[in-house]
Amino acid sequence: RAAEPVKIGLAVANLQADFFNQIKQSVEKNAKEMGVTVVTVDAKGDGATQVSQIQDLVNQKVQALIYIPAGAAAAAVPVKTAKAAGIPVVAVDRNPADAPGDTFIATNSVVAAKALGDYACKQTGGKGVLAVIQGQIGTTPEQDRDKGFKEAMTGCPGVKEVAREASKMWMKDEGFNIAQNMLQRDPTINIFFGRADALALGAAQAAKAAGGDHKVYVFGFDGDLAGLKAVKDGTLDGTMTQRTQFMGKLALQSALDLVAGKTVPAEQLQDAALTTKENVDGYIANHP
Amino acid sequence: MSNADTPNVAEGLSIRGITKRYGPITVLRDVDLDVKPGEVVALLGENGAGKSTVSSIIAGLVPPTAGTMTWNGQPYAPTSPADALRRGIGLIHQEMRLLPDLSIAENVFVGRLPTRNGRVDRAGMARRAAENLHSLGLDVSPATLVGALRVAAQQQVEIAKALTLNARFLIFDEPTAALGGEETDNLFAQIERLKRAGMGFIYISHRLDEIARIADRVVVLRDGQKVGSHATAQVPVKTLVEAMVGRSLDRMFPTIEPLNGREILRVEGLTSPDGTFSDVSFSVKAGEVFGIAGIVGAGRTELMRAIAGADPIASGTITVEGRPLAPRSPADSLAAGIVLVPEDRKAQGLVLEHTIGDNIALGNYPRVAPNGFVTPGAVRRFADANIRRFGIKGRAGQPANHLSGGNQQKVVLAKSIARQPRIVILDEPTRGIDVGARAQIYDVIAGLAREGLAVIVVSSDLDEVLGLSHRVMVLSRGTNRGILDHTQANRISVMERATH
Amino acid sequence: MTVQTKHPAGAVPRFKVDLTGGVWGPLIGLIALCVFFAFKAQHFFTLQNAIIIFDQVTVYGILAIGMTLVIITGGIDLSVGSVLAFSAMTTGWLFSIVGMPFVPALFCGIAIGGVAGLASGLLVTYARLPPFIATLATMTITRGLANKYTDGNVVSGWPDALNTLNTYRHFGVITATTAFFLLLVIATWAFLKYRPAGRNLYAIGGNPEVARLAGIPVRFYLVGVYVVAGGLSAIAGMANAARLQTSQPYDGLGYELTAIAAVVIGGASLSGGVGSIGGTLIGVLIIGVLNSGLSQIGAQTYDKDVIIGVMIAAAVAFDTLIRRRR
Amino acid sequence: MTVQTKHPAGAVPRFKVDLTGGVWGPLIGLIALCVFFAFKAQHFFTLQNAIIIFDQVTVYGILAIGMTLVIITGGIDLSVGSVLAFSAMTTGWLFSIVGMPFVPALFCGIAIGGVAGLASGLLVTYARLPPFIATLATMTITRGLANKYTDGNVVSGWPDALNTLNTYRHFGVITATTAFFLLLVIATWAFLKYRPAGRNLYAIGGNPEVARLAGIPVRFYLVGVYVVAGGLSAIAGMANAARLQTSQPYDGLGYELTAIAAVVIGGASLSGGVGSIGGTLIGVLIIGVLNSGLSQIGAQTYDKDVIIGVMIAAAVAFDTLIRRRR
Ligand SMILES: Nc1ncnc2c1ncn2[C@@H]1O[C@H](COP(=O)(O)OP(=O)(O)OP(=O)(O)O)[C@@H](O)[C@H]1O
Ligand SMILES: Nc1ncnc2c1ncn2[C@@H]1O[C@H](COP(=O)(O)OP(=O)(O)OP(=O)(O)O)[C@@H](O)[C@H]1O
Ligand SMILES: [Mg+2]
Ligand SMILES: [Mg+2]
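Residue numbers (the working numbering), protein chains in the order written: chain A, 1 to 288; chain B, 1001 to 1500; chain C, 2001 to 2326; chain D, 3001 to 3326.
Note that these hints are calculated values from the structure, not bench results. Check each hint, because a few of them may be wrong.
A few chain B residues that don't get close to chain D, going by computed Cβ distances all over 10 Å [said to hold, decoys possible]:
| no. | residue |
| --- | --- |
| 1 | Pro1100 |
| 2 | Asp1101 |
| 3 | Gly1111 |
| 4 | Phe1188 |
| 5 | Lys1195 |
| 6 | Ala1231 |
| 7 | Gly1261 |
| 8 | Tyr1365 |
In the DSS-like style, the derived pairs of lysine-lysine whose C-alpha atoms are separated by at most 25 Å in a straight line are [what the hints assert, rightly or not]:
| no. | chain 1 | residue 1 | chain 2 | residue 2 |
| --- | --- | --- | --- | --- |
| 9 | A | Lys249 | C | Lys2148 |
| 10 | D | Lys3193 | C | Lys2148 |
| 11 | A | Lys232 | A | Lys208 |
| 12 | A | Lys150 | D | Lys3148 |
The beta-carbon is built from N, C-alpha and C at its ideal position, and this holds for glycine as well.
If we strip away everything but chain A, and leave its shape as in the complex, we get:
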């Protein structure tokens, strides 16, 4: 091992989403244990900012880059920029189609969303009135989660989707307002699918405030800390826990392997764990 610690760049899409924040924390924590220097930058959701930040990381001579793309779809420019400087890239969560990273680590969202949909169908007895609170339209997670959940719903004809509206920033207050207005329009809604835990938590809060006379099922996605706690206390009826801790660690390990010249698989897709009241305690104690 060289005297100088290895220096890794971590470009995060936006820390305002807990999911990314968890990965960031995992990378930083593991790096500390391994004596690796990590330089973290937050693009605050803007692709152009991220390009700038990656230029700066390259200029600073990081030895590998962990790239969590910002914006609706993964931009290729950051990967090209890093590659041009001979820096290996670990893409996390999204992978640019035309310039993929050396390895790609993500949850298989379509499969996960389908699993969640199947569970929702089972829980509600295959009957119900569904409202969907979408994430930011056009983004990969939104599209994948939509696709998987729809697949599940085709096998569950008793559940009718009556409303869908997109949030702009995946945030809880948006979820609250959208759900509140949806319930106002159609009080018979008894299933909400929030495309992220924050959206689902907002919806759950709206359902609670509306104080309707029937049970409202609320499903989220991500398994972030607030989401897991909500599953535990019954506010959410289920979520898909993404393995953020593991993905962060894996991303760092892959980056180090790439620096060391080892080969790393091109895709390392992870399962997300269906999380319900029964199994949530384990995930809270020890986030996967």
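Given the coordinates of chain A, assemble chains B, C and D with the ligands onto it according to the supplied hints.
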């Protein structure tokens, strides 16, 4: 080729039957007016008589409600100020309209910047601006920002702007309100020159002594109607005043009563940080009107602002009724009973967008609403009382910028005096105020003194200072050149010291 | 900042500025919107829905009250959204990490909002920064600090009592947060209309030099409005926490724009001296009704944006129009 | 909007405003920052890094040029970020969905930026909306429309030639987009300093009524600056597309704030009549250097926010300080 005997001259400007209404208010009624080339017509009238409105109509700022105009025989109905300018008619507005963040040169040529090879010809512009300012007696660099100039200089910039318009007809709306004697002489020299070149003028002023000097004819407006027209300017002032105010004014100044009050204000060795005044000492007694004379730029305004707490003081002391006062803000001086009526009513006296009522109430809330609840009714009642006391032509609910200039000045006076101060400092109190109202204001000033207040009057109108004051202090280049008793003070003794 | 307010004295001003309100245009716009949605959305014209809309606008509304004061003095406060998060995270950190009891933690959070406002106010008055820059700095700094407390993590586990403020309907109608918002509206309205200090704010915004010469301690008032705006942002942060039951460092992101828009729709001028709480309330409700109503008639997210843009422009243009007529 | 600009005529003003620049404070701040980072970050003081920083600020910079013009007239343009996305999506839609050749699609995109500016300009001048509201409406509407084109999806597959504009370094140093930005800076500088039309913008911002009396067609100019700002936003949109090789409806989100901040840091006043392109360039570079430099010295993300806030306040306060001294 002055053929004044021809009744319908094709040359020059003539307006017929001009009427202007704002909603239900008729501001001008059926006004006729002719001005020939090479002629200066003085337009006189009380505050709010409609003089500025006539000017604005001629210069294309506002359209008339009814009436027609011809200019050199052609029908003339300007659609905008630019249109009027293209036809050769320009206006210096009563309210100075300059751009404080731009240089003098750019202010003079705004809207018609000369170019050379496609670039603004800065050098040429500066040269011409400097020439014109020099002819008016102002020798400052044309690159100076207008915001850094004092009022008189700004007025001169405004005049220079008009002189470079290449107009064939100019309207001067109270151009000398902020000027001293010398500056006025310079302006008149320029007007004479242009007159000889065939330019026509409408000249508006409340300084009647100027009329005989500069005007060829006089037209008097009252309540929006033409009430008098004199073929020569050699009209006795008394006649003009009667035509303007509709009654005779027996006297202008109240009698100066003997003094026996105790000293209220004492100023010793007062010096400003930037040297605009230094080592000034004087004292004022209860019941005294203390005049301060000096030429423009003597430092009078700075001195007064310092006493009022508006500007910092470097050294010296102020004592009010035996107690020392070291004001760090106007609030401190106000608490000691000193109010200042500032010279620049637009920038320092009024919140123009707010109503007359709100303006008068400002700073007077303890009197408007002793119980701490400022109801609109209380504001209106308070304002109405003051509107009556000062004869303001306006209603409490009107925005201040709807008022004529003179009436705005009265609002500033009203709100300051309503504070029931011990010491009143009046900086150019009658700027833009008509003769009738001026006599009224002089009565108010004398009345304040009679009530036992100490009154300080700063004015560039020497007659005013001499006519009102028990004693006159003469300031020159920031220093006290002597304090004269009203028995010794006259034009000569004061001017000698002022120009020293 | 607007061009049309700058008409100088002596010119013919285009419309009359009515300090006490002059909010007819937006009010008519608001009523028109309500009527429209009442026909289009089945459950719009119900008490239940009115409660929901008030609930949805409470947080923005509290911010807009502080913003009204700032804008009347001729300033602007970009930091309200960040200070909201900063104070909520302060309370959250003290309560859930430091272990302070809730009520003292709450007051510390509100106090720190006031301190953030104090910083803006001092930058504006003593360092003479333009309010835009001063509050932009405060906005950036407080957002950074809000994140630092918990390293970007969410604070949950607020006491149930807090949530009750937003969910329990007193008299079956009004929640504590909404009631508090309406009380603030009334108090501020009375302050601005009847108290000398309130009237002084208009004078300061209209012409600070005139105000100073009238003996008003201009700097003191200016610092004061920023402190109040900061304190109100903190209170809005607690209302937000009561509503969402969690707080996170990115709460209130972009709310400053909504608050400013509400105030300006309500007839205030960004050049100062003009504005009213009644107008602001109407501005807040126009935005709230549009958002909620469009959701309820099932408008697409993008169409919603387009319609909201058009309606805001229309409401304000309509106001200008009827003012000009008068 | 600032209090201190309202100093009355005839009073001794506290500082002198220098139109041709007056940018000493920010300039010194910029130099100080560069020196600091040169010592702290190993690779900061290199040609390579200077190129990178110019590349990073090009998009903001182009927006800030248009913003400078608008702010000098006393307005504000909140729509620049949205119009950036709207035009880029227009070009993208025409090119990749309608199948129009690239160059005409590009010109259509720029034209539609101008049209968006025209809408703002007409709302400001004829409907007499405050610029804040007019451009807020345009901002919301264009963002909605940008999303509608592709239902929120990303446009990729721009021609390679477009990307080359941002990647190929002419003379080994300067990319076409950066060169174009610098040319725009020079052209606008010359326009504002030497052309009568440019000087007229200052007069309009200083006092629109004075400008009107002087025969300047105020409305025409005002509409003009918004059209130019819209067109420049469209050009910035293409520079952004060249840089990212994709375009998406949320491009440019929040850029208006950065652009306004740069202009105000550069000495312009939001009340109009004051400002310069030189100042704006410095403002843009201060923001660019701060962002880049702090990334390069590895500042913690949240600390970065705090430091940027403090530095912006310091740079402007420093400017006020030295102006007051003079
Ligand atoms: N926009 C307006 N709306 C209503 N009334 C107005 C408006 N503008 C002017 N006026 C009124 O018109 C009348 C004439 O005003 P004008 O300015 O012409 O008077 P003036 O003769 O120039 O007075 P001064 O000597 O004080 O300058 C005044 O009573 C004024 O209040
Ligand atoms: N804003 C300013 N900037 C620079 N110098 C100023 C300013 N205002 C006043 N001065 C200078 O201060 C001196 C005194 O000016 P001040 O206005 O007090 O004179 P004044 O006697 O009141 O004259 P005026 O009749 O013009 O009011 C002048 O020499 C003037 O040049
Ligand atoms: Mg007049
Ligand atoms: Mg003076």
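Comparing the hints with the structure gives:
no., hint, in the structure
1, Pro1100, "violated (6 Å)"
2, Asp1101, "violated (5 Å)"
3, Gly1111, "violated (3 Å)"
4, Phe1188, "holds (24 Å)"
5, Lys1195, "holds (24 Å)"
6, Ala1231, "holds (33 Å)"
7, Gly1261, "holds (32 Å)"
8, Tyr1365, "holds (22 Å)"
9, Lys249/A - Lys2148/C, "holds (23 Å)"
10, Lys3193/D - Lys2148/C, "violated (45 Å)"
11, Lys232/A - Lys208/A, "holds (16 Å)"
12, Lys150/A - Lys3148/D, "holds (22 Å)"
Violation of the numbered hints given earlier is confined to hints 1, 2, 3 and 10; the remaining hints are satisfied by the structure.
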